[in-house]
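Colleague: So you can see what is in the structure, the chains are spelled out below.
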Amino acid sequence: MSSITHPNPYASWETRGFWEGAGRDQLVLQKCNTCGLIQHRPRGVCAHCLDSSSLVHFVASGRGSIYSYTVTEQNQAKGFAEACPYTMAYVTLDEGPRLLTVIVDCEPDAVEIGMSVVADFVSQERDDDERFAIPVFRLA
Amino acid sequence: MSTADFPNSAAIAGVYEHPSRFSPDKTEFQIMAECAKGALDDAGLTRDDVDGLFGASMSMGMMGIVDLAEYLDVRPDYLDGTNIGGSSFVSHVTHAAAAIHAGLCSTALVLYGSTAASNAMAIGTGGTDGSKNPDSAFSAPYGMTTVGSYAMYANLHMSKYGTSSEQLAEIAVTMRRHAGLNPLAKMRTPITVDDVLESRLISRPLHLLDCCIISDGGGAVVVTSLERAKDLRTKPVHLLGCGEAVQHQGVGDSDLLTIAAKQSGQTAMEMAGIKHSDVDLAMVYDSFTITVLATLENLGFCEPGEGGEFVSNGGIGLGGPLPVNPDGGGLSSNHPGMRGIFLVIEAAKQLRGECGDRQVAGAEIAIAHGTGGTIGDKHSGATLVLGADR
Numbered sequence: 001m002s003s004i005t006h007p008n009p010y011a012s013w014e015t016r017g018f019w020e021g022a023g024r025d026q027l028v029l030q031k032c033n034t035c036g037l038i039q040h041r042p043r044g045v046c047a048h049c050l051d052s053s054s055l056v057h058f059v060a061s062g063r064g065s066i067y068s069y070t071v072t073e074q075n076q077a078k079g080f081a082e083a084c085p086y087t088m089a090y091v092t093l094d095e096g097p098r099l100l101t102v103i104v105d106c107e108p109d110a111v112e113i114g115m116s117v118v119a120d121f122v123s124q125e126r127d128d129d130e131r132f133a134i135p136v137f138r139l140a
Numbered sequence: 001m002s003t004a005d006f007p008n009s010a011a012i013a014g015v016y017e018h019p020s021r022f023s024p025d026k027t028e029f030q031i032m033a034e035c036a037k038g039a040l041d042d043a044g045l046t047r048d049d050v051d052g053l054f055g056a057s058m059s060m061g062m063m064g065i066v067d068l069a070e071y072l073d074v075r076p077d078y079l080d081g082t083n084i085g086g087s088s089f090v091s092h093v094t095h096a097a098a099a100i101h102a103g104l105c106s107t108a109l110v111l112y113g114s115t116a117a118s119n120a121m122a123i124g125t126g127g128t129d130g131s132k133n134p135d136s137a138f139s140a141p142y143g144m145t146t147v148g149s150y151a152m153y154a155n156l157h158m159s160k161y162g163t164s165s166e167q168l169a170e171i172a173v174t175m176r177r178h179a180g181l182n183p184l185a186k187m188r189t190p191i192t193v194d195d196v197l198e199s200r201l202i203s204r205p206l207h208l209l210d211c212c213i214i215s216d217g218g219g220a221v222v223v224t225s226l227e228r229a230k231d232l233r234t235k236p237v238h239l240l241g242c243g244e245a246v247q248h249q250g251v252g253d254s255d256l257l258t259i260a261a262k263q264s265g266q267t268a269m270e271m272a273g274i275k276h277s278d279v280d281l282a283m284v285y286d287s288f289t290i291t292v293l294a295t296l297e298n299l300g301f302c303e304p305g306e307g308g309e310f311v312s313n314g315g316i317g318l319g320g321p322l323p324v325n326p327d328g329g330g331l332s333s334n335h336p337g338m339r340g341i342f343l344v345i346e347a348a349k350q351l352r353g354e355c356g357d358r359q360v361a362g363a364e365i366a367i368a369h370g371t372g373g374t375i376g377d378k379h380s381g382a383t384l385v386l387g388a389d390r
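Read top to bottom, the protein sequences are chains A and B.
Under my numbering, the first sequence has 30 at position 30, and the numbering climbs by one with no breaks.
Under my numbering, the second sequence has 25 at position 25, and the numbering climbs by one with no breaks.
A portion of the hints provided could be inaccurate.
Label pairs and their calculated CB-CB ranges [unchecked claim]: (1) B:246 / A:35: 16 to 24 Å; (2) B:22 / A:36: 54 to 62 Å; (3) B:41 / A:81: 45 to 53 Å; (4) B:231 / A:13: 52 to 60 Å; (5) B:231 / A:48: 49 to 57 Å.
Calculated lysine-lysine pairs in the BS3-like style (CA-CA distance at most 25 Å, straight line) [to be verified]: (6) B:378 / B:160; (7) A:31 / B:378; (8) A:78 / B:378.
Rather than coming from a laboratory, the hints here were simulated on the basis of the structure.
Backbone N, C-alpha and C fix where the C-beta goes; we use that ideal spot for every residue, glycine too.
All chains, please: the whole structure from these sequences, using the hints.
Modeller: Listed below in structure tokens is the structure:
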């Protein structure tokens with residue numbers, strides 16, 4: 001088992017705040033200052049107001065708990081095939097939204113639903129000037 | 001909530017399931033064309049009668065329905081290439097009924113064809129390329145797979161309700177038993193709960209035998225007005241109710257255990273004016289064993305958390321209280337990438353009493369529910385309530 005080689009994420013102008021934030025070791029979420037909605041995934045508008053005028057990025061705590069998970073034993077995709085088994089999970093962030101991630105630095109059998117986790121950031125080698133990283137989580 | 005009354009005016013007049021499970025010598029469109037002939041023959045109609053064309057497939061892209069019309073050399077008055085995943089064809093029947101009711105067409109042909117097996121597609125365990133795809137930008141970097149998402153649903157259900165791998169295995173065992181009664185089914189050798197549990201893990205807690213097979217195949221359904229269907233070659237199957245729904249991550253806050261079937265099923269059953277106890281059989285999309293359990297709970301055949309018990313001890317087997325997928329389903333009969341059309345075909349055949357050894361005795365009401373996309377992530381749901389001609 002080797003570690004995952006994460007594919008480079010696609011970052012549009014509306015999602016790059018998340019990936020750039022990760023490049024600074026920060027978990028960045030969006031909040032609408034009109035209605036108070038905190039949303040993930042990021043969008044160019046508040047999904048409820050359908051308006052961008054008071055949508056801001058903020059740095060979240062990077063803390064959350066495991067909503068559910070699976071130990072992936074088979075995935076033919078490049079970067080993952082050689083990393084099996086790896087633990088993929090939904091994490092509910094303390095700020096509310098849930099995101100998909102992987103749980104690193106632990107035995108697959110050690111993971112349980114409800115466990116507290118903290119964000120970590122895996123920087124990527126890129127052939128352009130972007131400084132993105134992939135937020136992953138480890139047991140708190 | 002829909003208040004449509006059109007279903008009572010539409011009927012399924014012909015169906016056809018392609019007998020092949022492996023067709024390396026055929027194309028998707030060829031399979032669709034062969035199915036079109038089969039379903040039109042079943043209805044006693046011809047290509048010239050078709051004025052509504054519906055279809056989707058794994059490889060039809062933008063304008064795919066136009067390509068299909070050219071392949072068949074038809075010039076229908078109504079086109080619908082809606083693709084909401086494997087449930088598309090269940091949805092097409094609803095759309096066709098609405099178009100017929102509105103007078104936009106009179107005879108609709110719904111088509112599916114696939115060479116998923118001979119193309120060696122890794123449907124459940126292939127990742128997506130996230131590098132240029134906004135849709136998978138937040139899943140591809142984490143190695144999301146189709147089976148992985150269903151596995152997370154299963155783990156959540158197990159954690160919340162104590163559902164067991166043995167209970168999920170019962171679903172696979174029942175589907176295989178049914179497939180043994182279906183001469184066309186791909187996998188007919190009986191299996192046990194232990195066989196499922198001892199098959200290799202794909203994405204914990206789901207084993208190889210918790211996953212549907214991959215086959216080639218296709219099917220066709222002819223929808224027309226009930227009035228016209230009564231004069232055709234085959235007994236009409238009445239469309240009593242229909243519903244569609246979607247479930248997704250929302251803004252990262254949705255309850256993943258609630259799937260689209262809850263909304264579409266309620267819509268369809270209220271429209272049909274039926275109770276759960278009126279349903280004689282259920283055709284349920286079974287991409288994985290957990291899909292069946294999730295769907296039965298969300299359709300309301302049992303309470304949330306009771307699915308494990310419901311599917312055990314023959315509960316969804318032929319002769320049990322609610323036979324599910326007498327054809328053997330996607331777990332054992334066929335799963336050519338998208339399976340929705342077979343839910344409609346088998347339901348119609350059962351209601352016509354043509355299913356031989358796997359016939360549900362006296363079947364009068366069937367429910368067909370298709371799931372498209374991925375439970376545990378985002379997916380569509382389409383439900384039909386169908387009735388026998390009496």
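Colleague: Now tell me if each hint is right for this structure.
Modeller: We went through each hint and held it up to the structure:
A hinted range of 16 to 24 Å holds for the C-beta pair residue 246 of chain B and residue 35 of chain A, which are about 22 Å apart. In this structure the hint that residue 22 of chain B and residue 36 of chain A lie 54 to 62 Å apart at CB holds, the actual value being about 55 Å. One distance hint, 45 to 53 Å for the beta-carbon pair residue 41 of chain B and residue 81 of chain A, holds here, with the actual separation near 46 Å. Against the hinted window of 52 to 60 Å, the Cβ-Cβ separation of residue 231 of chain B and residue 13 of chain A comes to about 59 Å, which satisfies the hint.
At roughly 52 Å, the beta carbons of residue 231 of chain B and residue 48 of chain A sit within the given window of 49 to 57 Å. Distance check on the hinted pair: residue 378 of chain B and residue 160 of chain B sit about 21 Å apart at the alpha-carbon level, within 25 Å; holds. Using a Cα cut-off of 25 Å, the hinted pair residue 31 of chain A and residue 378 of chain B holds, with the two alpha carbons roughly 23 Å apart. Annotation: proposed proximity of residue 78 of chain A to residue 378 of chain B holds, straight-line Cα distance about 23 Å (limit 25 Å).
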